[in-house]
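A.B. asks: Each chain, written out:
Number of protein chains: 2
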Amino acid sequence: MDSRNGSVSETPLDAEIESFFDSAPPLKDSAGIIKKLKEFIEYNSTPPGKGSPRRVVCVTSGGTTVPLEQRCVRYIDNFSSGHRGATSIEYFIKAGYAVIFLYRRGTFQPYCQSLPEDPLLECFECSDDSTIQVRQPHTEAVKRAVSDHHAAIAGGHLLKLPFTTIFEYLQILQSIAMSMKDLGSLAVFYLAAAVSDFYVPWKSMAEHKIQSASGPLDMRLVQVPKMLSALKKEWAPMAFCISFKLETDSKILLEKAEMALKKYRMHMVVANELSTRKEVVTVVTGNEKILVCRDKTRADSDVEEPLIELIVGRHSAYIKDSDL
Amino acid sequence: MDSRNGSVSETPLDAEIESFFDSAPPLKDSAGIIKKLKEFIEYNSTPPGKGSPRRVVCVTSGGTTVPLEQRCVRYIDNFSSGHRGATSIEYFIKAGYAVIFLYRRGTFQPYCQSLPEDPLLECFECSDDSTIQVRQPHTEAVKRAVSDHHAAIAGGHLLKLPFTTIFEYLQILQSIAMSMKDLGSLAVFYLAAAVSDFYVPWKSMAEHKIQSASGPLDMRLVQVPKMLSALKKEWAPMAFCISFKLETDSKILLEKAEMALKKYRMHMVVANELSTRKEVVTVVTGNEKILVCRDKTRADSDVEEPLIELIVGRHSAYIKDSDL
Chain L
1 MDSRNGSVSE
11 TPLDAEIESF
21 FDSAPPLKDS
31 AGIIKKLKEF
41 IEYNSTPPGK
51 GSPRRVVCVT
61 SGGTTVPLEQ
71 RCVRYIDNFS
81 SGHRGATSIE
91 YFIKAGYAVI
101 FLYRRGTFQP
111 YCQSLPEDPL
121 LECFECSDDS
131 TIQVRQPHTE
141 AVKRAVSDHH
151 AAIAGGHLLK
161 LPFTTIFEYL
171 QILQSIAMSM
181 KDLGSLAVFY
191 LAAAVSDFYV
201 PWKSMAEHKI
211 QSASGPLDMR
221 LVQVPKMLSA
231 LKKEWAPMAF
241 CISFKLETDS
251 KILLEKAEMA
261 LKKYRMHMVV
271 ANELSTRKEV
281 VTVVTGNEKI
291 LVCRDKTRAD
301 SDVEEPLIEL
311 IVGRHSAYIK
321 DSDL
Chain C
1001 MDSRNGSVSE
1011 TPLDAEIESF
1021 FDSAPPLKDS
1031 AGIIKKLKEF
1041 IEYNSTPPGK
1051 GSPRRVVCVT
1061 SGGTTVPLEQ
1071 RCVRYIDNFS
1081 SGHRGATSIE
1091 YFIKAGYAVI
1101 FLYRRGTFQP
1111 YCQSLPEDPL
1121 LECFECSDDS
1131 TIQVRQPHTE
1141 AVKRAVSDHH
1151 AAIAGGHLLK
1161 LPFTTIFEYL
1171 QILQSIAMSM
1181 KDLGSLAVFY
1191 LAAAVSDFYV
1201 PWKSMAEHKI
1211 QSASGPLDMR
1221 LVQVPKMLSA
1231 LKKEWAPMAF
1241 CISFKLETDS
1251 KILLEKAEMA
1261 LKKYRMHMVV
1271 ANELSTRKEV
1281 VTVVTGNEKI
1291 LVCRDKTRAD
1301 SDVEEPLIEL
1311 IVGRHSAYIK
1321 DSDL
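Keeping their order, the protein sequence lines are chains L and C. If you're matching positions, the first sequence starts at 1 in the numbering used here and goes up one per residue. If you're matching positions, the second sequence starts at 1001 in the numbering used here and goes up one per residue.
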């Protein structure tokens, strides 16, 4: 970490974070990622033609893995389809935001949610003259996926950065945050990824595949340091921050969301329960609990539409306040 | 398990297997899967027109997951792209086999290996008159993927059954094996899936998400019973069986492959090392160790081509021997 700049004396959290990054395997093409980020943010800060800089949101999506062996055969994974993040991006782009999409490889992509599981093999056919055609019921969905997705990238409003492990995720997130620091209150973090709570430190990890010959496997995993604190305190202190809390047990959900809001000084925590998360979420702020529901009068509606509308409104107010 | 038919006294392994299946969450649409299997095997046993029944191979592919919570947020996963299984299928079909493909959702599919990671978004573009077209360098790869894949399914030679968890994998494998029992020596098992060695028994599993509040996470996982023994002894005793051994440490690889051959009475064990598995494998049989290499004089060759050629030859000899 080079973001410290002679800050105050080291707290135990700082030490934990430093040790996490020190022990992590080095990120591949770290310089390339930082270059892409720089260009993307510069382009959107001074968009050609019209004058005002775009707001930039970093959307994280999908689950991180925790390798159990250095030459990774086994790992612990966190379930997340990436549906929330991918859908939200469409509304952020519609609202004029530039989006940095930090996503788990293989999870949902924006504009692709209504496609079947294996789009290539399910949506296409080879005609008699051996040209590839879209199969009938999928025509519109495929057209939308391909054209809207390419338009967002070609327009310079969508930058996609994939990750797999917790090490990659946190290293890239740090680079993104530090690139976005100068955007001040125009920056948003929308942290929908399912991040591992526990990990095996790289250096204490088995190099080779763990052998199954003898009896049960006992594992000790340590807690991943809470990076949200570092994000808020050091990486991008002026950014508007939204994190997510997913639980399967509704009884503890709101309480845990409130704890996260205070502990990490988030602006909003979106509380969602595994079984109802596509219908309703509760947005917890410092003094409110706002129930956000999908518009049930429309079959194709989603909960992300009113959710992003709410967030954009609150972010506008936050920018205004910051300018005072 | 209903395959016992008053067999000999229960060994500890039988008890372990029974307890695994008893405690597993019930398989969704189990009756539908069995019906599909029955129809597929009947169709290929009495192919229309020409008389002789097809050989049938069950190819398993990809890694199984082990849920750590019943309402699954976290799970242990086994790394496997599914490349070996998917590529091998093409050569089995070419050699006239019917293929039952038991694959992990989201892993490689036959005829699709030369496509980029996200084929829909990378291989297609929307033209000016808003029709969807294949982008230039991908034309042949997409055509091959779509037409060959559909031809195999439409021809009745490829049945695809997806799994995610170890519970689904072993339950479907048992159904497949018992459906293939009557094929006798015409049946082949090509077990390339990366199957979890350890699992958390469903009933001792946490119902809700494990909380990260307090300290490190200690986990105890128990061994998955070795189903290969049951497959060979009870489910489909006449089938020709090939299993795989993957290690990251070349020093123990062959020794472990030989152990597996003897212990589970496989006909062949394919030994492969993580870092060189696309170039070379060693096939271990009762009295040989056969090195199988990719043809390096051709850029587009793969190690599966000579591997399946070897297997088909040995399987032919096995059928002949069984008929004597």
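Simulated from the structure, these hints should not be mistaken for lab results. Mixed in with the good hints there might be a few duds.
Stated by the list, open to error - Mimicking DSSO-like on lysine-lysine, the simulated pairs with C-alpha atoms at most 30 angstroms apart in a straight line are:
hint: 1; chain 1: C; residue 1: Lys1296; chain 2: L; residue 2: Lys143
hint: 2; chain 1: C; residue 1: Lys1028; chain 2: L; residue 2: Lys28
hint: 3; chain 1: L; residue 1: Lys296; chain 2: C; residue 2: Lys1028
hint: 4; chain 1: C; residue 1: Lys1028; chain 2: L; residue 2: Lys278
hint: 5; chain 1: C; residue 1: Lys1028; chain 2: C; residue 2: Lys1262
A.B. asks: So, against the hints stated earlier in the document, which numbers end up violated here?
C.D. replies: 1, 2 and 5
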